[in-house]
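Position chain B relative to chain A; hints supplied.
Here is how the chains run, residue by residue.
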Amino acid sequence: MLSNFLSNYRSVTSLAFIVLAAVLVEFFEVRASIYPSLLPFFEWLKYSSWIGYLGITYGSVYATVQAGHLIAMAIIGGTVLVTDLRLLGVLLKDIPSESITKGTHQCFKYGLSVAIATGIFCAAGVADKVYYMPVFWIKMLALLAGSGFMFFIKQPLLNSRPHSEIGPWTLRLLAVASIFIWFTVAATGRWIGFS
Amino acid sequence: MDYVRKDVYSSVKIIFRIFILRSKGSIGVINELLLQVAQYLEAQEYSQMLVSGYYSWNWLEATHVLTLMISIGSLFIIDFRMLGWVLPDVSATAIADRLHKPMIIGFAIMFITGILLVYAKPVENVQSLWFRIKMILLVLAFINAWVFNSRMREADGTWDSALVAPKPLRTGAIISLCLWCGVVAMGRFIPYDWVDCPKVSNTALLWASGCVEQLNAL
Numbered sequence: 000m001l002s003n004f005l006s007n008y009r010s011v012t013s014l015a016f017i018v019l020a021a022v023l024v025e026f027f028e029v030r031a032s033i034y035p036s037l038l039p040f041f042e043w044l045k046y047s048s049w050i051g052y053l054g055i056t057y058g059s060v061y062a063t064v065q066a067g068h069l070i071a072m073a074i075i076g077g078t079v080l081v082t083d084l085r086l087l088g089v090l091l092k093d094i095p096s097e098s099i100t101k102g103t104h105q106c107f108k109y110g111l112s113v114a115i116a117t118g119i120f121c122a123a124g125v126a127d128k129v130y131y132m133p134v135f136w137i138k139m140l141a142l143l144a145g146s147g148f149m150f151f152i153k154q155p156l157l158n159s160r161p162h163s164e165i166g167p168w169t170l171r172l173l174a175v176a177s178i179f180i181w182f183t184v185a186a187t188g189r190w191i192g193f194s
Numbered sequence: 000m001d002y003v004r005k006d007v008y009s010s011v012k013i014i015f016r017i018f019i020l021r022s023k024g025s026i027g028v029i030n031e032l033l034l035q036v037a038q039y040l041e042a043q044e045y046s047q048m049l050v051s052g053y054y055s056w057n058w059l060e061a062t063h064v065l066t067l068m069i070s071i072g073s074l075f076i077i078d079f080r081m082l083g084w085v086l087p088d089v090s091a092t093a094i095a096d097r098l099h100k101p102m103i104i105g106f107a108i109m110f111i112t113g114i115l116l117v118y119a120k121p122v123e124n125v126q127s128l129w130f131r132i133k134m135i136l137l138v139l140a141f142i143n144a145w146v147f148n149s150r151m152r153e154a155d156g157t158w159d160s161a162l163v164a165p166k167p168l169r170t171g172a173i174i175s176l177c178l179w180c181g182v183v184a185m186g187r188f189i190p191y192d193w194v195d196c197p198k199v200s201n202t203a204l205l206w207a208s209g210c211v212e213q214l215n216a217l
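Protein chains in written order, with numbering that gives the first Met the number 0: chain A, 0 to 194; chain B, 0 to 217.
For reference, chain A alone in the conformation it holds in the complex (with noise of 0.2 Å):
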């Protein structure tokens, strides 16, 4: 019964499980003990990379691709929200779900990875600050938070079956958690710059 329930919901368990980690990772202060040793790794993104490098003799590159960045971010933010509104049955109710949720999948996977890469080139010009900045943190905890329930729970869940075999609260959960999501790592991400 075990091995059916796994079987059948592997992407959900293999998120809570990370879950769950992180979570003990916390409880037994783990992260608080590998904190300190990933300072010389930003230190050394910042004066030994060449993207740091880069970065830190360049302000316009840097501004450049901090312009790629939000872009980028604007790429995420049309896909998930006409994906989410869809769901939420706010927006192109008389489309399928399922051509909405499949059809803008792949230029959100698109936008992520410009976003990830531009976000890296920003972050190491920056590096030795962003070190210490706890907005910075729940930035990355939520953009992890957010591909994992972008590619373990949510597409698969959608991929599945017809939408119409989902409970109609389960489909509103989550595109209000998505779009929850996004817009915390879009919103930390502008706190980045504040702080």
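These are computed hints drawn from the structure, not numbers from a lab. Beta carbons: idealized from backbone N, C-alpha and C, even for Gly. You can take every hint at face value.
To give an idea of the chain A side of the interface with chain B (calculated C-beta under 8 Å), a few residues: (1) S59; (2) A66; (3) L69; (4) I74; (5) V81; (6) L91; (7) R189; (8) F193.
Output of the computed footprint for chain A on chain B, the stretches with three or more beta carbons under 8 Å from beta carbons of chain A: (9) 93-106; (10) 188-199.
No more than 30 Å apart at the CA atoms, straight line, and that leaves these computed lysine-lysine pairs for DSSO-like: (11) A:K108 x A:K92; (12) A:K128 x B:K120; (13) B:K198 x B:K120; (14) B:K198 x A:K128; (15) B:K166 x A:K92; (16) A:K108 x A:K128; (17) B:K100 x B:K166; (18) A:K108 x B:K100; (19) B:K166 x A:K108; (20) B:K100 x A:K101; (21) B:K166 x A:K101; (22) B:K100 x A:K92.
Leaving out everything else, chain B in the frame of chain A:
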């Protein structure tokens, strides 16, 4: 060949200088007027309140940037659909029609927060080259959107379910994507001081940025 190139270069330079000197009368007056209005706005209590309040400024700027995900996000989905990059099995005009409302709501919020951001730092913005380019790109983007919408309404609709839109609409979508990427980039450049008035000595840049005091001192 090099002599010719040098001659052409110096001729263009002279023509540009004459143009600047001639335009000192008209554009110079506009620049001075803009600066006076900006200085008047900056002296107002509310303007100073917006810029000095830590949370007011941050909330305004964060709202302006985050709304980009609604406005430009929706716009990109429409443009991408015209190019056949997203939602290939959904009607292109349906996407454009249904996303119009959230896009307009997003742009309205961006417009209001944008005006307040300019009101908070009017002199800095009026004399910013990036802000001026951003405004020009915004006007061009709205003209393009208007042309794009009229072309879409004029189209007979036989292409609606096709993977890609007809060439004029695809061109409009590419122009729209380029212009809005430019708007975002210029907006991102505004806080940087590379071409701020006190740092620039080039006449053309001073003229383009509207650096009245520096131009008068020349």
